[in-house]
Amino acid sequence: MNDTATETLSVVVERELPHAPEKIWRALTQPQLIEEWLMKSDFKPDVGHRFNLRGDWGGVLDCEVLAVEPNKKLSYTWNFDDAVNGLKSVVTWTLTPTSTGTHLRMEQAGFKPEQPQNYQGAKYGWQQFFAKLEQVLARAD
Amino acid sequence: MQTVPDEVFKSLADPTRRAIFERLIRDGEQTVRALTDHAGVSQPMVSKHLGILKQAGLVRDRPAGRLVHYSAEPKGLAPMIDWMRHYSAFWQGRFDRLEDLLKRMDQ
Chain A
12 MNDTATETLS
22 VVVERELPHA
32 PEKIWRALTQ
42 PQLIEEWLMK
52 SDFKPDVGHR
62 FNLRGDWGGV
72 LDCEVLAVEP
82 NKKLSYTWNF
92 DDAVNGLKSV
102 VTWTLTPTST
112 GTHLRMEQAG
122 FKPEQPQNYQ
132 GAKYGWQQFF
142 AKLEQVLARA
152 D
Chain B
0 MQTVPDEVFK
10 SLADPTRRAI
20 FERLIRDGEQ
30 TVRALTDHAG
40 VSQPMVSKHL
50 GILKQAGLVR
60 DRPAGRLVHY
70 SAEPKGLAPM
80 IDWMRHYSAF
90 WQGRFDRLED
100 LLKRMDQ
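Each protein sequence line maps, in turn, to chains A and B.
Just so you know, we're using the working numbering here: the first sequence kicks off at 12 and counts up by one.
Just so you know, we're using the working numbering here: the second sequence kicks off at 0 and counts up by one.
Hints in this document: simulated from the structure, not taken from any laboratory.
Be a bit skeptical, because a hint or two may be false.
Said to hold, decoys possible - Far from chain B, some chain A residues (derived; all Cβ distances over 12 Å):
1) 25
2) 29
3) 30
4) 31
5) 57
6) 60
7) 66
8) 73
9) 75
10) 76
11) 77
12) 78
13) 82
14) 110
Unchecked claim - Taking beta-carbon pairs under 7 Å as the criterion, some of the chain A residues facing chain B (in silico):
15) 26
16) 48
17) 53
18) 58
19) 71
20) 79
21) 101
22) 108
Yeah, the Cβ is synthetic: ideal placement off N, Cα and C, and Gly gets one too.
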């Protein structure tokens, strides 16, 4: 996931937090804690587990756990199933211990809404497309 | 959470249209005929795709005699970029809440 394509157009948020990775991991993986800062969910830290995130605005996200490395890395799909405004993306959390706590990085990658039947075929096209987008925008000014 | 800028995403979700748009970005202004030579679909189909791209603000046309020249309008991508920025703002807000929670977990 570290290729140019995802670096270019994924959303990345990073922060230095004065807390141990183990504690942040609990906040990322325990449903009652997840609800306090993100959304209501029936999350379990098991690869393949399917869960929903329910937003205050009434939206329901369909998610599936993709990767679990306790205290280090967590990844899940973040899909919004809507014929018009559908979104298929992957959220990946990376926890890196530092001398003062933890460097927490969130990357939401793969903004590629399209009709479900086209999803697999279009997937790679979008990645290539996003890879070029930065150059395109640089020229747009 | 923001809705997707439909027109831009829909027009670029089609691989043929995306290829046409990318070609115009890469090689500059071209006629429908020149685009058709590379598109792998008929000229009426290329025209139809160009119409959809134009409606989404991604290409502009310049009639010259009997020919129409098309060029890319990269600024048309701006709604997509704005939409991504809203997601960034969403996550910044959630990180703030996460930090508050982590402080409370100390007590």
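### Check on residue 77(A) being off the interface with chain B, judged by Cβ distance over 12 Å
Label holds. Min Cβ-Cβ 18 Å, cutoff 12 Å.
### Query
Should the interface hint for residue 26(A) be scored as holding, given a Cβ-Cβ cut-off of 7 Å against chain B?
6 Å, holds
### Query
Taking 12 Å as the cut and beta carbons as the points, is residue 76(A) off the interface with chain B?
Check passes; 18 Å lies beyond 12 Å.
### Message
Minimum C-beta separation from residue 78(A) to chain B exceeding 12 Å: can you confirm that?
### Response
The claim holds: residue 78(A) sits with its nearest Cβ about 19 Å from chain B, beyond 12 Å.
### Query
Is the nearest Cβ of chain B still more than 12 Å from the Cβ of residue 57(A)?
Consistent with the label, residue 57(A) stays out of reach of chain B, its closest Cβ about 22 Å off (over 12 Å).
### Task
With 12 Å as the threshold, tell me whether residue 75(A) passes as away from chain B on beta-carbon distances.
Since the minimum Cβ distance to chain B is about 19 Å, residue 75(A) lies beyond 12 Å and the statement holds.
#### Entry: Hint check: 7 Å Cβ-Cβ cutoff, residue 101(A) to chain B
Violated - the Cβ of residue 101(A) stays beyond 7 Å from chain B, reaching only about 13 Å at its closest.
#### Entry: residue 60(A) and chain B, when compared Cβ to Cβ, separated by more than 12 Å
21 Å, holds
### Message
Min Cβ distance, residue 48(A) to chain B: is it shorter than 7 Å?
### Response
4 Å, holds
#### Entry: Hint status (Cβ of residue 58(A) to nearest Cβ of chain B, threshold 7 Å)
23 Å, violated
### Message
Checking hints one by one. Is residue 108(A) an interface residue toward chain B, by the C-beta closer than 7 Å rule?
### Response
15 Å, violated
### Query
Would residue 29(A) pass as off the interface with chain B, using Cβ distances and a cut of 12 Å?
At roughly 8 Å from the nearest Cβ of chain B, residue 29(A) sits no farther out than 12 Å, so the non-interface label is violated.
This entry does not satisfy hints 1, 2, 3, 4, 7, 17, 18, 19, 20, 21, 22, going by the numbered hints stated previously.
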